[in-house]
Amino acid sequence: MLLEGAAETVRLTALMLALGAAVGLPFGVLHVYGPRILRVAVLDPIVVFFRGIPSLVLMMIIYFGASEIGLDLSGFIASILAIGVRSGIYQSQIVRGAIQSVGSGQMLAARAIGMSKWRAIRFIVIPQALRLALPPWSNEYAGVLKESSLAYALGVTELMRQGRYIVARTFGNSLLVYTVCAAIYFVLVFLGIRLLRKVEQRFSVPGFDAAPQGRAFFGRDLESSR
Amino acid sequence: MQGSLKTGLYALAIGAIAVLAAAPTQAQKLMVGTTADYPPFEWVDGKGKLVGFDMDVMRAISYLEKYEIELKDVSFDTIIPSLQSDKYDIAAGIQINDERRKIIDSSEPYIEVLYGVAVVKDSPENLFTVFQKGKKVGAQRGTTQARWITKRVVEQGIDVKLELYDTNDLGILDLVNKRIDGFVSNTLPLQEFVKRNPIRISGVIYDLRAHFAYLVKKGDPKGLVPKLNSGMAKMKADGSWDDLKAAYFTGDLLRITDCNAKHGDTLNVKRDIKKYAADLKGCLVP
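Taken in order, these protein sequences are the chains called S and V.
Under the working numbering, the final residue of the first sequence carries the number 1293; numbering is consecutive throughout.
Under the working numbering, the final residue of the second sequence carries the number 309; numbering is consecutive throughout.
Among the hints, a few may not be true.
[Stated by the list, open to error] DSS-like, lysine-lysine: derived pairs with alpha carbons at most 27 Å apart: (1) V:Lys52 to V:Lys70; (2) V:Lys201 to V:Lys95; (3) S:Lys1213 to V:Lys70; (4) V:Lys95 to S:Lys1213; (5) V:Lys52 to S:Lys1213; (6) V:Lys89 to V:Lys259.
The set of hints was computed from the structure by calculation and includes no laboratory data.
Work the whole structure out from these sequences, hints included.
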């Protein structure tokens, strides 16, 4: 039963992170390269808003708010929307940081060889930025995985809820059951981070890491990131 | 290299959209919400099935009154808001009181429960000493008993500290570890905890009573209250009501998974309620 719960937790986490990435990447790019007015008038307020509201509150607002406007969202969907968008906003900041730490010379060089601004972002900056974003992104993975336990509040039978079922059925194995749940969460986080580490290594470009300004080998970097 | 990274991201995004689009469409049956961690009223057996007194009554009434139901586990805090926002049509396993009557409608109350004070088995504490100066008493958050302790003890100027817990088992754990002196709860679940923990029920608070009922949205837009009442009346008339009560409130609940396996499954409620209730009683009660 706990394993079924763990599977549900993994499903929730995967979808939340995917939604988060789908929101976070465009947001992050717009944040750096979009018009200033967009950043000040739209993006910054959104970021402040989502940073300032606890995920649980957001889940409740989406769950009950949707039914106010006649939309019947299941608890599963509502929690993915809430935590997914919340994570997307955080991920946009990760992407923004990563883009900003790609040397500005990269952009200059790309423009110098005749690429348009968007082509340069698309083929030069983003590929490098995503590599830089992976380590902080694995933090986000661990955070979302653990946060997915909040979905229990909307009646999603994830790992913690399955744990509660067992405690209720056996009348007081609380400590044991919750310890096992903790162990399962730990293993999931541990394995996920190991996997992300592997991905990081797999895509790493030899000799390339967070770029100081005015670095050498422009040409080589351009080649390898194509 | 970069291509595969990109494809991966697209796949993730499309996957997310596909799942969100495939949100379940609203079925034409009544949704029954309950918080399934409250034996003997409702909990989940070893096969992942919702079992308990309320669950069987809900299944039986739906058969007797000819409607379809779907039982769903909901967190306790969201049950009443969920009724009000039409997420669920009926809430099972909840107490009805004057405060709640203002915001929801309900069937006839079907059971009166008493509240006991659990203390550590070898401690000298009793019903009266746990409510004396300097003692710590626990109760489940948001419940009748928690409110009673606040109103009748703490607000009367007695220096007792009320500790609140999300669930009974966490309170019992603190009691066993002697972090609180007494724990107040519904005697029915408390009896089960007594069997499995070094605690005893030191007494029952007769001033504190509560009634369980099946709740529906205020104004009962779907006309469910008469159906619930007539279904319960039919069950009382044919004896299945008393058999279910005996099975769940006096039986050995740890045997529930085996008993359900032995008698087919809970769907049998719908075939022959009387036989199902009698079989379950025979199996659970030693």
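Evaluated hints:
no. : hint                 : verdict
1   : V:Lys52 to V:Lys70   : holds (24 Å)
2   : V:Lys201 to V:Lys95  : violated (36 Å)
3   : S:Lys1213 to V:Lys70 : holds (26 Å)
4   : V:Lys95 to S:Lys1213 : holds (24 Å)
5   : V:Lys52 to S:Lys1213 : violated (34 Å)
6   : V:Lys89 to V:Lys259  : holds (18 Å)
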